[in-house]
Amino acid sequence: MNAALEILVCALLLGGGAFALVGSWGLAKLGDFFKRLHGPTKASTLGVGGVLLASMLYQAMQGTPSLRELLITLFLFLTAPVSAHLLAKAAMALDPRVRPDPPRDDEAA
Numbered sequence: 053m054n055a056a057l058e059i060l061v062c063a064l065l066l067g068g069g070a071f072a073l074v075g076s077w078g079l080a081k082l083g084d085f086f087k088r089l090h091g092p093t094k095a096s097t098l099g100v101g102g103v104l105l106a107s108m109l110y111q112a113m114q115g116t117p118s119l120r121e122l123l124i125t126l127f128l129f130l131t132a133p134v135s136a137h138l139l140a141k142a143a144m145a146l147d148p149r150v151r152p153d154p155p156r157d158d159e160a161a
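In this text, residue positions in the sequence shown follow our numbering: the first is 53, and each later residue adds one.
These are computed hints drawn from the structure, not numbers from a lab.
Predicted model, so just to flag it, every value in this text is computed and none were measured.
Hints may be right or wrong, so weigh each one.
Claimed, not checked - Label pairs and their in silico Cβ distance ranges: (1) L138 <-> A80: 19 to 25 Å; (2) R120 <-> P152: 39 to 45 Å; (3) Q114 <-> L66: 19 to 25 Å; (4) P152 <-> S76: 25 to 31 Å; (5) L60 <-> R120: 17 to 23 Å; (6) P148 <-> I124: 47 to 53 Å; (7) L73 <-> L130: 21 to 27 Å; (8) D84 <-> L123: 31 to 37 Å; (9) A70 <-> G115: 26 to 32 Å.
As the list claims (entries may be wrong) - In silico PhoX-like pairs for lysine-lysine, Cα to Cα no more than 20 Å straight-line: (10) K94 <-> K81; (11) K141 <-> K87; (12) K141 <-> K94.
Each residue gets a CB set at the ideal place from its N, CA and C atoms; glycine is no exception.
Generate the whole structure from the sequences, applying the supplied hints.
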């Protein structure tokens, strides 16, 4: 059982690191502001969540469970989408040309 948990911790660390790397790469390489929002809010959030989950499992295996990582994960999953939404709304308020077109009514067209 202990070996299975260690393999799970390693998998979570590798997966979290991969997601964080992809999110950072997207932030650096994508050209548009709105495209760059997806890197840190989606992939990096999953990456940090995977690393924190691995840390929680490792602490539990050591016999000293910690709620600190759980609180960090909850805070991250609550604040990242809200901050991205506010950044997108601020960008649309500064430049109204980037607003998407309103949906069309196909029946009237």
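Hints versus structure:
At about 22 Å, the beta-carbon gap between L138 and A80 stays in the expected band of 19 to 25 Å. Remark: the range hint 39 to 45 Å for R120 to P152 is upheld by a beta-carbon distance near 40 Å. Restraint check, Q114 to L66: a C-beta distance of roughly 20 Å satisfies the suggested window 19 to 25 Å. For P152 paired with S76, a C-beta distance near 27 Å keeps the hint of 25 to 31 Å intact.
At about 20 Å, the beta-carbon gap between L60 and R120 stays in the expected band of 17 to 23 Å. Checked against the given bound of 47 to 53 Å, the beta carbons of P148 and I124, roughly 37 Å apart, lie outside it. Distance hint for L73 and L130: a CB-CB separation of about 24 Å, consistent with the stated range 21 to 27 Å. At about 34 Å, the beta-carbon gap between D84 and L123 stays in the expected band of 31 to 37 Å.
For the hinted restraint 26 to 32 Å between A70 and G115, the CB-CB distance of approximately 29 Å keeps it satisfied. A C-alpha spacing of about 15 Å is found between K94 and K81, which places the hinted pair at or below 20 Å, so the restraint holds. In summary, the hint linking K141 to K87 is supported, as the alpha carbons are separated by about 14 Å, within the 20 Å threshold. Pair hint K141 plus K94 holds up; C-alpha atoms about 17 Å apart against a cutoff of 20 Å.
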